[in-house]
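Protein chains: 2
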Amino acid sequence: MAPPVTVDTINPKVLECEYAVRGEIVTLAQNLQQEIQKKPDAHPFEEILYCNIGNPQSLGQQPITFFREVLALCDHPSILDKSETQGLFSADSIERAWQILDQIPGRATGAYSHSQGIKGLRDTIAAGIEARDGFPADPNDIFLTDGASPAVHMMMQLLIRSEKDGILCPIPQYPLYSASIALHGGTLVPYYLDEATGWGLEVSELKKQLETAKSKGITVRALVVINPGNPTGQVLAEENQRDIVEFCKQEGLVLLADEVYQENVYVPEKKFHSFKKVSRSMGYGEKDISLVSFQSVSKGYYGECGKRGGYMEVTGFAADVREQIYKVASVNLCSNISGQILASLVMSPPKVGDESYESYSAERDGILSSLARRAKTLEDAFNKLEGVTCNKAEGAMYLFPRICLPEKAIKAAEAAKTAPDAFYCRRLLTATGIVFVPGSGFGQVPGTWHFRCTILPQEDKIPEIVTRLTEFHQSFMDEYRD
Amino acid sequence: MAPPVTVDTINPKVLECEYAVRGEIVTLAQNLQQEIQKKPDAHPFEEILYCNIGNPQSLGQQPITFFREVLALCDHPSILDKSETQGLFSADSIERAWQILDQIPGRATGAYSHSQGIKGLRDTIAAGIEARDGFPADPNDIFLTDGASPAVHMMMQLLIRSEKDGILCPIPQYPLYSASIALHGGTLVPYYLDEATGWGLEVSELKKQLETAKSKGITVRALVVINPGNPTGQVLAEENQRDIVEFCKQEGLVLLADEVYQENVYVPEKKFHSFKKVSRSMGYGEKDISLVSFQSVSKGYYGECGKRGGYMEVTGFAADVREQIYKVASVNLCSNISGQILASLVMSPPKVGDESYESYSAERDGILSSLARRAKTLEDAFNKLEGVTCNKAEGAMYLFPRICLPEKAIKAAEAAKTAPDAFYCRRLLTATGIVFVPGSGFGQVPGTWHFRCTILPQEDKIPEIVTRLTEFHQSFMDEYRD
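Protein sequence lines, in the order shown, are assigned to chains S and E.
With our numbering applied, the first sequence has no gaps in its numbers, which climb one by one up to 482 at the end.
With our numbering applied, the second sequence has no gaps in its numbers, which climb one by one up to 964 at the end.
Derived by calculation from the structure, the hints in this document are not laboratory data.
Among the clues, some could well be false.
[Unchecked claim] Result set (DSS-like, lysine-lysine): computed pairs, CA atoms no more than 27 angstroms apart in a straight line:
{"#": "1", "chain 1": "S", "residue 1": "Lys-39", "chain 2": "S", "residue 2": "Lys-461"}
{"#": "2", "chain 1": "S", "residue 1": "Lys-327", "chain 2": "E", "residue 2": "Lys-769"}
{"#": "3", "chain 1": "E", "residue 1": "Lys-521", "chain 2": "S", "residue 2": "Lys-119"}
{"#": "4", "chain 1": "S", "residue 1": "Lys-392", "chain 2": "S", "residue 2": "Lys-461"}
{"#": "5", "chain 1": "E", "residue 1": "Lys-495", "chain 2": "S", "residue 2": "Lys-216"}
{"#": "6", "chain 1": "E", "residue 1": "Lys-689", "chain 2": "E", "residue 2": "Lys-809"}
{"#": "7", "chain 1": "S", "residue 1": "Lys-271", "chain 2": "S", "residue 2": "Lys-119"}
{"#": "8", "chain 1": "S", "residue 1": "Lys-249", "chain 2": "S", "residue 2": "Lys-216"}
{"#": "9", "chain 1": "E", "residue 1": "Lys-646", "chain 2": "S", "residue 2": "Lys-13"}
{"#": "10", "chain 1": "E", "residue 1": "Lys-696", "chain 2": "S", "residue 2": "Lys-13"}
{"#": "11", "chain 1": "E", "residue 1": "Lys-698", "chain 2": "S", "residue 2": "Lys-13"}
{"#": "12", "chain 1": "S", "residue 1": "Lys-13", "chain 2": "E", "residue 2": "Lys-769"}
{"#": "13", "chain 1": "E", "residue 1": "Lys-495", "chain 2": "S", "residue 2": "Lys-287"}
{"#": "14", "chain 1": "E", "residue 1": "Lys-495", "chain 2": "S", "residue 2": "Lys-214"}
{"#": "15", "chain 1": "S", "residue 1": "Lys-13", "chain 2": "E", "residue 2": "Lys-564"}
{"#": "16", "chain 1": "S", "residue 1": "Lys-461", "chain 2": "S", "residue 2": "Lys-38"}
{"#": "17", "chain 1": "E", "residue 1": "Lys-564", "chain 2": "S", "residue 2": "Lys-327"}
{"#": "18", "chain 1": "S", "residue 1": "Lys-327", "chain 2": "E", "residue 2": "Lys-646"}
{"#": "19", "chain 1": "S", "residue 1": "Lys-82", "chain 2": "E", "residue 2": "Lys-564"}
{"#": "20", "chain 1": "S", "residue 1": "Lys-119", "chain 2": "S", "residue 2": "Lys-327"}
{"#": "21", "chain 1": "E", "residue 1": "Lys-601", "chain 2": "S", "residue 2": "Lys-39"}
{"#": "22", "chain 1": "E", "residue 1": "Lys-601", "chain 2": "S", "residue 2": "Lys-38"}
{"#": "23", "chain 1": "S", "residue 1": "Lys-164", "chain 2": "E", "residue 2": "Lys-520"}
{"#": "24", "chain 1": "E", "residue 1": "Lys-833", "chain 2": "E", "residue 2": "Lys-752"}
{"#": "25", "chain 1": "E", "residue 1": "Lys-759", "chain 2": "E", "residue 2": "Lys-698"}
{"#": "26", "chain 1": "E", "residue 1": "Lys-809", "chain 2": "S", "residue 2": "Lys-417"}
{"#": "27", "chain 1": "S", "residue 1": "Lys-287", "chain 2": "S", "residue 2": "Lys-249"}
{"#": "28", "chain 1": "E", "residue 1": "Lys-809", "chain 2": "S", "residue 2": "Lys-164"}
[To be verified] Covered, in the sense of this in silico footprint (three residues per stretch, anywhere, with C-beta under 8 angstroms from a C-beta of chain E), are these stretches of chain S:
{"#": "29", "region": "144-152"}
{"#": "30", "region": "250-260"}
{"#": "31", "region": "328-339"}
Virtual Cβ for every residue (Gly too), placed ideally from N, Cα, C.
The task is simple: from the sequences and hints, build the whole structure.
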């Protein structure tokens, strides 16, 4: 008998979906790693250097002590009033754990919570947003989720009715968006970021692409903006953001603001402004613009990817639509409570005067300043390579250099039935153990080639990466130079 | 300008989806609770007694100490080698935490893991399945998920192409299934459990419903079986399970086995057998049957709902289909690491000789024997009510009594534009504070009325629930008796 399920009989939307960040190159890297473990001299390198994914702690970044203290105490509250605990934990972590437990009905950290998340934690997050923006935030607008990804899926599920519904997405984009749109059967309407102006986001380009989509019978429902940019690392200027808000208001689009890198800004001339703050400062309120802001505990200086915490702040939707969002959230009951707690902590870290404040701020500043140095070193290294240009990483965790590949290399890639950028990344990996993600996984102007490189390897690894990359690139160009 | 999103312009699949466990009655209960908090004598009861959801710790069930010790230590590993830690934590929890940390690359509990979950934890889970079933389990078949719900969604997403694809589901069913099928745009093909034979699952009924669906042009792709049953509480006999396996094999259906209540069996004459064990004991292997088993940390004696841990074991699918399941899992990166760790712990709890074994088994047995007593007390109470009959809860966490409502009550419900069972539950809630879920949220034979009641309120609350329920029922019947 034929098997009940074959690739020809599964949901074609699943087949269409792609997710390059964990795609082919990464699978190859994992295989090479296993080969090295079995036979240390199997390849011309001793270890795989993963620069493919924004996963800081996998590369040695240490968690913020205060956050972990609070999580541990909330996981095992019965030690809270033991005397040994005073010796092991900071006084303010103990105090914070008590506060959080008091916000949880019955202090039950093992219970399902309200489907939007524990009310007291949402109060804390709303207060954190208010402090950040200087404008009010409503705890009832917060939906806590297992990282930002499920929140993005939830909004796509709500907005997409068929392939006739379109979502405006930056190109290059973070492939969660293309994957989620494909899974929900919608149409990705691309708008191109301008590499020549540091990955600038031009409203004229948005308008052009919107009109093109309309002319094809597509109803564009929302605009995705990733700020700071992934994979492009730019930080939007406030003026630019105002134009974007105005555009969404004029065109009746939901603004989906991916703001998960809000703490990751590395240049003094740029500052993060939330789209909520920008729209409120323009005088636009609930009735003027539908805005969803995504935040995650996986990024920032904390990088707590494995905790799967995050939230979306949903503003400017009618009550009956909000009820539908709540219903979808309720089908999965709630997000994990540790992730919820952590989301509240990143929005209200220790303050001046708290016992942990000094160690906390030293840890935070150490991580952020090191990330800034790593970004600069890698940017400079890329810009020294023949045929490579690289914009500054003003924020986020990535560089997205452009590589001008020789015709001969493009032909060799064609012969190997692979995209030229994937060909380069594969060669780089097998020669050096360095894992980059080909630009084709994020989208790029046709005929241009890029790759994404995270700035996350520990600082003492960076010189080695630069050396290996430079040597490889030299020999690759020697082999294929026209 | 019109708002960008209205209920008329959202995805109609979202509108169609329903989830009664957190539906209207629960919203009303939450409102009543707020009123009582403001004004203690606002209603004729002092507290809301939530019997609507399988959320044990929200009603006072305590977590298993060993599990929480290990979680806390993994959250804050830097205390592991401090001397105070020996005084606060059991020796085997410290040992187990070290073991787990050694299984995590770089001991980074804050990193994204492999998208199926940490390999070492999957090894532990596979070993636990082997010990349970006496048949081999492959760690590569395990997909760790944030509770069982996302795993169910993932399979529905894979299997459902359009409304022409059907999924056979028990009626009554747990509304996650109807909600997930609606969200993915498929057709729920009902099969009725036989209340007269203790919610028996007859293969003749499966065949009949399969044929009916086929005659309507529906391609039935999978059979959902919930064992022990939710909301019905029955435990399937092994012979019955063999017939079900044979049916799936014959008809080329994927068997989706919801086995999250595998530890919740309360009667000595019944035992839980996994469908994997049953099919392997029939000599059916990978090539013979496509089987997915769902497990969760939210149920059992642990009841760790807030941790959102769970897994599915996926067997009998071709490698290229498995790759597609992996891809969908990878779009969300990974499930939360604490939930992953807890899933490994419930599948490998302390063993005889471990320091924690005695306290662990006392906690476990205390919870399970108390649940058995509560189930029996509530079952007896329901069976004493006029016009109510209630099957035994052999397992799971629920009773699903049938109520024969007087014609006058049905007319009153019609006048109030509500289903008769919802009418009864609403009256019960406003009179007593007790929250049941109407049977219409789970499905029932047309013209019959039921409600679901969990057996989870703490034992000292049960007499009060019985008294209040009995008094209410008496007066309700007095009011409406024909």
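Here is what the structure says about each hint:
Simply put, Lys-39 (chain S) and Lys-461 (chain S) have alpha-carbon atoms about 22 angstroms apart, close enough for the 27 angstroms limit, and the pair holds. In summary, the hint linking Lys-327 (chain S) to Lys-769 (chain E) is not supported, as the alpha carbons are separated by about 39 angstroms, beyond the 27 angstroms threshold. With a C-alpha separation of about 20 angstroms, the suggested pair Lys-521 (chain E) and Lys-119 (chain S) falls inside the 27 angstroms cut-off, and the hint holds. For a cut-off of 27 angstroms, the pair hint linking Lys-392 (chain S) to Lys-461 (chain S) stands: about 20 angstroms separates their Cα positions.
Straight-line distance between C-alpha atoms of Lys-495 (chain E) and Lys-216 (chain S) comes to about 24 angstroms, which keeps the hinted pair within the 27 angstroms bound. About 34 angstroms separates the Cα atoms of Lys-689 (chain E) and Lys-809 (chain E), which puts this hinted pair outside 27 angstroms; it is violated. For a cut-off of 27 angstroms, the pair hint linking Lys-271 (chain S) to Lys-119 (chain S) is broken: about 30 angstroms separates their Cα positions. For the hint pairing Lys-249 (chain S) with Lys-216 (chain S), the CA-to-CA distance comes to about 22 angstroms; that is within 27 angstroms, so the pair holds.
Simply put, Lys-646 (chain E) and Lys-13 (chain S) have alpha-carbon atoms about 15 angstroms apart, close enough for the 27 angstroms limit, and the pair holds. For the given pair, Lys-696 (chain E) sits about 24 angstroms from Lys-13 (chain S) by alpha-carbon distance, which is consistent with the 27 angstroms threshold. Our distance criterion of 27 angstroms between C-alpha atoms is met by Lys-698 (chain E) and Lys-13 (chain S), whose separation comes to about 24 angstroms. Taking the CA atoms of Lys-13 (chain S) and Lys-769 (chain E), the gap is about 26 angstroms. The hint holds against a cut of 27 angstroms.
Proposed proximity of Lys-495 (chain E) and Lys-287 (chain S) is supported: the alpha carbons are some 26 angstroms apart, at most 27 angstroms. Straight-line distance between C-alpha atoms of Lys-495 (chain E) and Lys-214 (chain S) comes to about 24 angstroms, which keeps the hinted pair within the 27 angstroms bound. Between Lys-13 (chain S) and Lys-564 (chain E) the CA atoms are separated by roughly 52 angstroms; this puts the pair beyond 27 angstroms, and the hint is violated. Taking the CA atoms of Lys-461 (chain S) and Lys-38 (chain S), the gap is near 23 angstroms; set against the 27 angstroms cutoff, the hint holds.
In summary, the hint linking Lys-564 (chain E) to Lys-327 (chain S) is not supported, as the alpha carbons are separated by about 46 angstroms, beyond the 27 angstroms threshold. Between Lys-327 (chain S) and Lys-646 (chain E) the CA atoms are separated by roughly 25 angstroms; this keeps the pair inside 27 angstroms, and the hint holds. For the given pair, Lys-82 (chain S) sits about 15 angstroms from Lys-564 (chain E) by alpha-carbon distance, which is consistent with the 27 angstroms threshold. With a C-alpha separation of about 17 angstroms, the suggested pairing of Lys-119 (chain S) with Lys-327 (chain S) holds against the 27 angstroms cut-off.
With a C-alpha separation of about 20 angstroms, the suggested pairing of Lys-601 (chain E) with Lys-39 (chain S) holds against the 27 angstroms cut-off. A distance of roughly 17 angstroms separates the Cα atoms of Lys-601 (chain E) and Lys-38 (chain S); the hinted pair therefore holds under the 27 angstroms criterion. Restraint check: the Cα-Cα separation between Lys-164 (chain S) and Lys-520 (chain E) comes to about 49 angstroms, which exceeds 27 angstroms; the hinted pair is violated. This hinted pair checks out: Lys-833 (chain E) and Lys-752 (chain E) have alpha carbons roughly 24 angstroms apart, not beyond 27 angstroms.
For the hint pairing Lys-759 (chain E) with Lys-698 (chain E), the CA-to-CA distance comes to about 34 angstroms; that exceeds 27 angstroms, so the pair is violated. Distance restraint check for Lys-809 (chain E) and Lys-417 (chain S): the Cα-Cα separation of roughly 22 angstroms lies within the 27 angstroms cut-off, and the hinted pair is therefore satisfied. Taking the CA atoms of Lys-287 (chain S) and Lys-249 (chain S), the gap is about 10 angstroms. The hint holds against a cut of 27 angstroms. The hinted pair formed by Lys-809 (chain E) and Lys-164 (chain S) meets the criterion: a straight-line CA distance of about 25 angstroms does not exceed 27 angstroms.
With 4 residues bearing a CB less than 8 angstroms from a CB of chain E, the region 144-152 of chain S meets the requirement of three and the coverage assertion stands. Counting residues of the region 250-260 of chain S whose beta-carbon sits less than 8 angstroms from any beta-carbon of chain E gives 3, enough to reach three: the coverage restraint holds. Residues of the region 328-339 of chain S with a Cβ under 8 angstroms from some Cβ of chain E number 11, which satisfies the need for three, so the listed coverage holds.
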